[in-house]
Amino acid sequence: MERSKNVEWEVKNSIGILTLSSPPENYLMEPEFIGIEFLQNQIRHEKVKGIIICGAGRHFSGGAKLDDLFQMAKDRDNMTRQLEKGKALLDYIEYLDIPVIAAIRGVCFGAGLEIALTAHLRVCSENALFAFPESNYSLIPGLGGTERLSEKASFPQTLKMILKGDMIDVKEAREMKIADYIVPDSEVLDFSFSLLIKMTEGRSLKVIHYVMLALMNTKHLSMQEAMKEETRMFCELASEEAERRNNNQDN
Amino acid sequence: MSLKYKTISFELVHDIGHLILDQPPSNKMTIDFFSEFHHLLDGLHSMENLKAIVISGRGRHFSAGADLDQLLSLVRHESQKDSGGETVDLSSFLEKNYKTFLSLEALNIPVIAAIRGVCLGSGFELALFCHFRFCGEDALFGLPESTYNLIPGIGGTSKVSVFSGKSKALELVLHGNTFSAEDALGFNLVDKIFPKKQVVEMAIGFARMITTSYNKEKAKLYLNKLL
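If you read the sequences in order, they're chains G and C.
Those letters in the first sequence? Residues 149 to 399, by the numbering used here.
Those letters in the second sequence? Residues 910 to 1136, by the numbering used here.
In short, the hints are calculated from the structure, not lab data.
Among the hints, erroneous ones may be present.
[Said to hold, decoys possible] Quick list of in silico lysine-lysine cross-link-like pairs, BS3-like style, CA-CA up to 25 Å:
| hint | chain 1 | residue 1 | chain 2 | residue 2 |
| --- | --- | --- | --- | --- |
| 1 | C | K1005 | G | K376 |
| 2 | G | K325 | C | K1005 |
| 3 | G | K325 | C | K1129 |
| 4 | C | K1075 | G | K354 |
| 5 | G | K195 | C | K1075 |
| 6 | C | K1075 | G | K376 |
| 7 | G | K235 | G | K222 |
| 8 | C | K1125 | C | K1101 |
| 9 | G | K367 | C | K1077 |
| 10 | C | K1075 | C | K960 |
| 11 | G | K354 | G | K367 |
Everything numeric in this text was worked out from a predicted model, so none of it was measured.
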């Protein structure tokens, strides 16, 4: 188990579990809450097939601590740098070629919610609460939360959540398409873990990468281009599968 | 008027084309099927009194999808011939298939999949390129490709992502599990569920109802006509 910047990381059955770990609220000390390089190395060396992001104890994360934030804001250049690093980390997570699930219990606010929105799937406790409270302090979400929320929720829903700054429950979160699964509080982690296992066990890393890539393509390419890419990937996988079958026959 | 192929039958009844995947029980989509399907679609463009198409499977099932062994043999030998006597390799085969599906989707008349029983893999992909999907309460859907260390080959990932959102698509494609008609409705992958004996009949009735002044861009609005 690794520990850096109040985050714990362990790998179990090829699933990486990243725990935001400064309970009870799991406030984030800095926007880059775990090093990209560290994550990259772990994923490569441990052949990680999926990642769960969760919080230690009862909550996911309360986001940034206001005092820390205003302290950081005294040095504007430094703050810009920190935010850029945080954004790079969140982009890195969103574009990972393995599935990432956010397992959300309790409070998921501000930067915590921004992290959760980078995940590819969100499994939420019945008691989970979501908010972008930034506007209450005359701020806006600083790590891409507005953009990522509006990709899922409608424009009015996004506007309301960010400008009003109120808390919403899982029911409303589901309507906004940011809660993919709602499960009893005690089952959030187990459910997330077994879902990832079902999605990755027995699949080669390449198949997982290609499914992720095919999905990313739907965002950036036209239908026709995406399908062309899909064909290319399918042929490559089929060649390998055919070869495996040939080898099995020879043996 | 009717057309008979080896793997498909097509009958024009009162201006509605009944296209039946005709290799029961599982209506597997073989190399011959795709070749004939392509040929049939080409011909439909010039069929003036064709006002709608309803696609269904002969017997209890829609289709169990592509014939995997045959597909993989395209990789191994690269010398398969289709029913037209043309040599096919996997890459050009798949490319032709997705272009065929895109041209089905591009038709300006209603194209309705009437799905009973099993609808898997490329069978499901075919249904996803139709303008409407009606299914029986017994229908069973899935994209099982990843369990064979493959991915859906004819647009399945993109289509599911458009209809159900990226998160659900990721799960369905990677997990590769089958799911029920009710789930499919919840994931926005089918439009309507009927008792299985009524599916084809309802699809034909619906086709009749909407053929005049059909506007594909507003396809989903026509569903309001169904009570």
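Practice task
Could you tell me which of the hints above the structure violates, numbers in ascending order?
Solution key: 2, 10
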